[in-house]
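**Student:** Spelled out from the first residue to the last, the chains are:
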Amino acid sequence: MAIVLESTNHSCCNLPGALARLGDDQDLLCELARLFVDTLPDRIRDLTSSMEAGCPQAVSDAAHSLKGSVRYFLAEKAYDMAQALELLALSGTKADIESSAEKLLREVQRLEAELVNTYFPK
Amino acid sequence: MALSTKSIEILVVDDSAMERLLVSQVLRQDPVFRITAVTDGWEAMDFARSRRPDVVVTDLRMPGMNGLQLIENLQSCGHTMPVVLMTSYGSEKLVVQALKAGAASYVPKLNLESSLVKTINRVLSMTAQRRFQQPMVDELTISEWCFALENDPASVPHLISHLLDLVVQLNVAGGARAAKICRTLKRVLSDATVTGTLEIDGELRGLLNCMPLEPGSEFVAVS
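First to last, the protein sequences are chains A and B.
The first sequence runs 1 to 122 under our numbering.
The second sequence runs 1 to 223 under our numbering.
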């Protein structure tokens, strides 16, 4: 099935750009989207449990992992938020870290919704 | 460009399934590459032991055993295959440590699609070149390096860089020891440009004495 990718003002990622970076390999981008959607609950669980445990390195590692997973879709906002949390986790206040994590989680869930809507609509 | 038509076995190590998928796909651009992907350093060690891959491509930041520790473990088990690191923003310090420990090269993850295959081929080419040179290096009996330098502190880093290449190329010392020798030499030479006297201190003498020289060999430093 051919999927027409559009990047609108409301998009939280740039799927046409991501596709171009992958040499127009639609199957690969779709497979990456599937892996992202499948593994996101684990990544979110890693982040929230690290926050609850109050372990800065684990929070930073979880943010790093999320950063890596959103980059394939050129999700710049999520990428920047993950990178900010990755650094903030090691030096910021608890309140700042929690606020940063909340924003990141909202953004990755937006990305998840957009990928599901594009590749796996019900 | 691959070195020959013989297939080249590449081991990819990354804890992220997405990264393993992407890297494997990128590497398939070169039909000569045969790719195996594993999820952590322990699996990588097992694979290296049983299959001896030509190149290891590893993530730097992984839970359990990170890329730096993987390099150290491979070396301590006598594996000499080149290791290419995949790096991301925020890992700069670890990258420097890994390069000092003997990593062959690195590719930022943001450039994997455009740079990974080229980097692997460049590393393979350098490895093959060293392999061809090695029989000659093994027969080398005397190597004398004489540098007549102006008393210019700016020349020290260039000399050190050149010496590091020579030390590694002649297999006098590798990885961390070569880097340590050069760091100490840099300090000694920088002091010499200020004081006018070259003093081989205890630390440098100790490092040089630990190098695997033939009986009767000696290091001579002339100031």
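Hint data in this document are derived by calculation from the structure and do not stem from the laboratory.
Accuracy of the hints is not assured; some may be wrong.
Stated by the list, open to error - With a straight-line Cα cutoff of 30 angstroms, these simulated BS3-like cross-link-like pairs (lysine-lysine) come out:
(1) K77/A - K6/B
(2) K118/B - K6/B
(3) K93/B - K103/A
Unchecked claim - Not close to chain B: a few residues of chain A, all C-beta gaps over 10 angstroms, as computed:
(4) G17
(5) R21
(6) G23
(7) P41
(8) T48
(9) M51
(10) E52
(11) H64
(12) R71
(13) S91
(14) E107
(15) E114
(16) T118
Stated by the list, open to error - One side only, chain A facing chain B, incomplete, derived with CB under 10 angstroms:
(17) L28
(18) E31
(19) T39
(20) D61
(21) G68
(22) S69
(23) Y72
(24) E86
(25) E102
(26) L105
(27) E112
(28) V116
(29) N117
Glycine included, every Cβ here is placed at the ideal spot set by N, Cα and C.
**Student:** Taking the hints in turn, state whether each one holds.
**Tutor:** To see whether the hints hold, each was checked on the structure:
{"no.": "1", "hint": "K77/A - K6/B", "result": "violated, 44 angstroms"}
{"no.": "2", "hint": "K118/B - K6/B", "result": "holds, 18 angstroms"}
{"no.": "3", "hint": "K93/B - K103/A", "result": "holds, 28 angstroms"}
{"no.": "4", "hint": "G17", "result": "holds, 12 angstroms"}
{"no.": "5", "hint": "R21", "result": "violated, 6 angstroms"}
{"no.": "6", "hint": "G23", "result": "violated, 8 angstroms"}
{"no.": "7", "hint": "P41", "result": "holds, 14 angstroms"}
{"no.": "8", "hint": "T48", "result": "holds, 17 angstroms"}
{"no.": "9", "hint": "M51", "result": "holds, 17 angstroms"}
{"no.": "10", "hint": "E52", "result": "holds, 18 angstroms"}
{"no.": "11", "hint": "H64", "result": "violated, 6 angstroms"}
{"no.": "12", "hint": "R71", "result": "violated, 7 angstroms"}
{"no.": "13", "hint": "S91", "result": "holds, 12 angstroms"}
{"no.": "14", "hint": "E107", "result": "holds, 17 angstroms"}
{"no.": "15", "hint": "E114", "result": "holds, 16 angstroms"}
{"no.": "16", "hint": "T118", "result": "holds, 17 angstroms"}
{"no.": "17", "hint": "L28", "result": "holds, 5 angstroms"}
{"no.": "18", "hint": "E31", "result": "holds, 6 angstroms"}
{"no.": "19", "hint": "T39", "result": "holds, 6 angstroms"}
{"no.": "20", "hint": "D61", "result": "holds, 7 angstroms"}
{"no.": "21", "hint": "G68", "result": "holds, 6 angstroms"}
{"no.": "22", "hint": "S69", "result": "holds, 6 angstroms"}
{"no.": "23", "hint": "Y72", "result": "holds, 6 angstroms"}
{"no.": "24", "hint": "E86", "result": "holds, 6 angstroms"}
{"no.": "25", "hint": "E102", "result": "violated, 21 angstroms"}
{"no.": "26", "hint": "L105", "result": "violated, 18 angstroms"}
{"no.": "27", "hint": "E112", "result": "violated, 13 angstroms"}
{"no.": "28", "hint": "V116", "result": "violated, 16 angstroms"}
{"no.": "29", "hint": "N117", "result": "violated, 19 angstroms"}
Figure legend: structure checked against the earlier numbered hints; hints not met, in rising order: 1, 5, 6, 11, 12, 25, 26, 27, 28, 29.
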